[in-house]
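Colleague: Given only the sequences and the hints, what does the whole structure look like? Please build it.
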Amino acid sequence: MEWIRQKLDKISEPFGKGKKYEKYAPAVNAIDTFLFTPNHTTKKGAHIRDAVDLKRVMITVVIALIPALLFGMWNAGYQYYSQLGEAFTFWDALGHGALKIVPMIVVSYAVGLGIEFAFAIFRGHDVNEGYLVTGLLIPMIMPIDLPLWMLALSVVFAVLIGKEAFGGTGMNILNPALTARAFAFFAYPTYMSGNKVWVSEASNVEAVSGETILGSLAAGDDVSHSMWDMFYGVIPGSVAETSTLFILAGALLLILTKVGNWRIILSGFIGAAVMALIFNALPSLGVAGNELTNFYWVNHLLIGGLAFGIVFMATDPVSAAQTLKGMWIYGFLIGFFSIMIRVFNPAYPEGVMLAILLMNVFAPTIDHYVIQANIKRRRKRIKTATGQVKTAV
Amino acid sequence: MSKDIRIKKGLSLRLEGEAEKELVKAPRSKTYAVKPPDFHTVVPKMVVKEGAKLLAGDELFYSKYTDEVRFTSPVSGMLKEIKRGDKRRIMEIIIEADPEDAYKEFGKMDASSADAEAVKTRILESGCGAFINQRPYDIIADPKDSPKAIFISAVSTAPLAPDWGFILKDKQAEFQEGINALQKLTSGKVHLSLDDSSAASLKGIKGAELHNVSGPHPAGNVGVQIHKIDPINQGERVWTLNPEDVAIIGKLFLTGRYEANRTIAVTGSEAKDRKYYSAKIGANVSEFIGEVSDDIRVISGNVLTGTKVSNNQYIGFLDNELTLIPEGNQYRAFGWLPFTYNNIHSNSRTSLSWLFPNRKFKPTTNLNGEERALVVTGEMEEVLPMDIFPMQLIKACMAGDIEKMENLGIYEVAPEDFALVEYVNTSKIEIQDVIRLGLDLMITEVG
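For the protein sequence lines, the chains are A and B, in the order given.
Per the numbering used here, residue 121 is the first one in the first sequence, and the count goes up by one each step.
Per the numbering used here, residue 10 is the first one in the second sequence, and the count goes up by one each step.
For the record, the hints were derived by calculation from the structure and aren't laboratory data.
From the three backbone atoms N, C-alpha and C, an ideal C-beta is built for every residue, glycine too.
One should not assume that every hint holds.
Quick partial rundown of chain A residues pointing at chain B, CB under 10 Å, derived from the structure [as the list claims (entries may be wrong)]:
| hint | residue |
| --- | --- |
| 1 | 124 |
| 2 | 166 |
| 3 | 171 |
| 4 | 175 |
| 5 | 177 |
| 6 | 180 |
| 7 | 187 |
| 8 | 249 |
| 9 | 377 |
| 10 | 379 |
| 11 | 447 |
| 12 | 505 |
Modeller: Here it is in structure tokens:
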């Protein structure tokens, strides 16, 4: 390690303050601080600091995503081979998925980090770590056969319009990964919805159907998958959102490390359950309902991108509500609206993307009312206090 | 009458290098200094020149904008040097000390029977006004104000903080007289907060409302206690003092002398003789603990709120503690990997340090990361036991939005209340500085 350190010091020399390539220092620093936590010390105030930094937080989220990602790779191959009726091994399935998904990840990181580095150099600040998570999330929520250039374009849109236009990491209103998906969804709808995109090669091979469960339900068809299939995630869907089991494993890591806020996750599932239960209760109220409203409420929680969205997207601290009370409201409404959009709008069989984006927009409003309550308390206190002074005089 | 305050939120850092409970006499420094920068917003006006002979208690300078507040010499001797910094700002007033102190005689006075105005004048002319701080804004109190209450916190919760109970053990009489004097300064109450140790030392103190405070740091911060006992509203003033300074004021009334006795706890993993030392205010650091190498950070005060002092500089006016910790100017390979480097404490769970609640940590001054935009939410609220939204207040301070700052409770906070928030902050922002600048803005805009 000492040897690498010395090499790095040598390489970064011409990028130092007042040197020839000072402008490009953020790019070199980003690589340097990736290898070594820098030797910066405190100047004043708190002389000692917590071990946590933004890199650690972001890497923790990346680690939490890995189980779902690996399962997604395997599931891509599993769906393809099992629908074809071919014999296959575990490694065949994983390999099939990896060949499609790894290029997506590479494109996402290359394009996104390229823009981040360019902006860091242009604006003269350090490269923020936010994109480490965003860059992995984007391929995970796309259909597997999405052309790579569309993916690249979505990334450009998300980073430029979704994030940098607002001032960079920490300032964005919308979750950048979902901004990318929403862009692709509305720009290239044929590649992002329908019954031909959710299984690998479904649009090329006749024997493969690419229908999701929500798609079949919306079409009024019966579902052939069991509840446990849905829980394990051996169902068609976006790259890595199908397995509730592996998503919950990630959620467990996020909650244990306190990186993901448990309030949002819990209230998100509660909100979704409440909405689904209301729909399930419709027949007893004399309303007939349809396939989607009568779909068992537990299954509603298991299918689609709901779990993935609530665990990994809704908990993005920048675009979520920032007050503790606000988080409860924010999470609940995301779950609630997800199921509502899912059921009422057959054009968008999965509602979680739109529900989260909608609540991203309303999160500052929720916070505003929570904070306003605090301000009112303070004002009220002044009134009673001045009242006391008056009686004392 | 006593009321209990139990604080739940917060974080008590357990660090290596607590001071042994043994009081020894510190070697007398050759030079002592009063540092005007210790008194935020005070613009010093010198009344003596270099070379002047001084008694302990002789005036050195006064505050330009509140000229009743006088600052006096803690020891007798000769004014050796007035050290200036940028723009000729006075940084240190260095006094070459006599081997034995000779005191200016102010005359004895019975604080409880004396006239309130006489008590105030005595406190101010002796230089004891410098011990009295004002909230809001955390600056020296303006004697023209009449505070709604006076708060004294004898609760030590800060990491490696000196134990007030031990410091005040043999100072009950002075402390009582100090309380008697302070009572004359306010129409409201004098509040005294105690922990188990100080409650034992200050048994039977009269004239103050007692509060038993328990819980993790920052329970000992006077700001947190004010917030729980009688929060500050817009336009109100409260005064705060450190407990040992109450004893100094008491002694002034009992003996007629300004005896600037300061008990200093030497703490921290790098300190050699970790004990309590009885010294005088403004002692020279190097004559106290010897010269130290560049690998050690010497902090006047505690690790969360203190100021860095170099060799041959002087201990801060209000500080009861010297902390020595290792400098952290080393690189760490892949320091961002979660669950590695578990010897560094973290309030987050990305380090496994939380599995060892009884372990004592040996922190360095490494920032453990780089400054970033504020991203992570919820971490600040965990260590701020006040009904205040920390992140929103910090952002309002950064933006200089006065109305918002006022609404979010800027009057109730001091930089030290945000020390733990700064410690746990993932984005490594100097939050105490942000709050200080916010308060300064309020002083100029609202006053």
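Colleague: Each hint needs a verdict: does it hold in this structure or not?
Modeller: Comparing the hints with the structure gives:
no.	hint	verdict
1	124	8 Å, holds
2	166	4 Å, holds
3	171	4 Å, holds
4	175	3 Å, holds
5	177	6 Å, holds
6	180	5 Å, holds
7	187	15 Å, violated
8	249	7 Å, holds
9	377	4 Å, holds
10	379	7 Å, holds
11	447	8 Å, holds
12	505	5 Å, holds
In terms of the numbered hints stated before, the structure departs from hint 7 and from no other.
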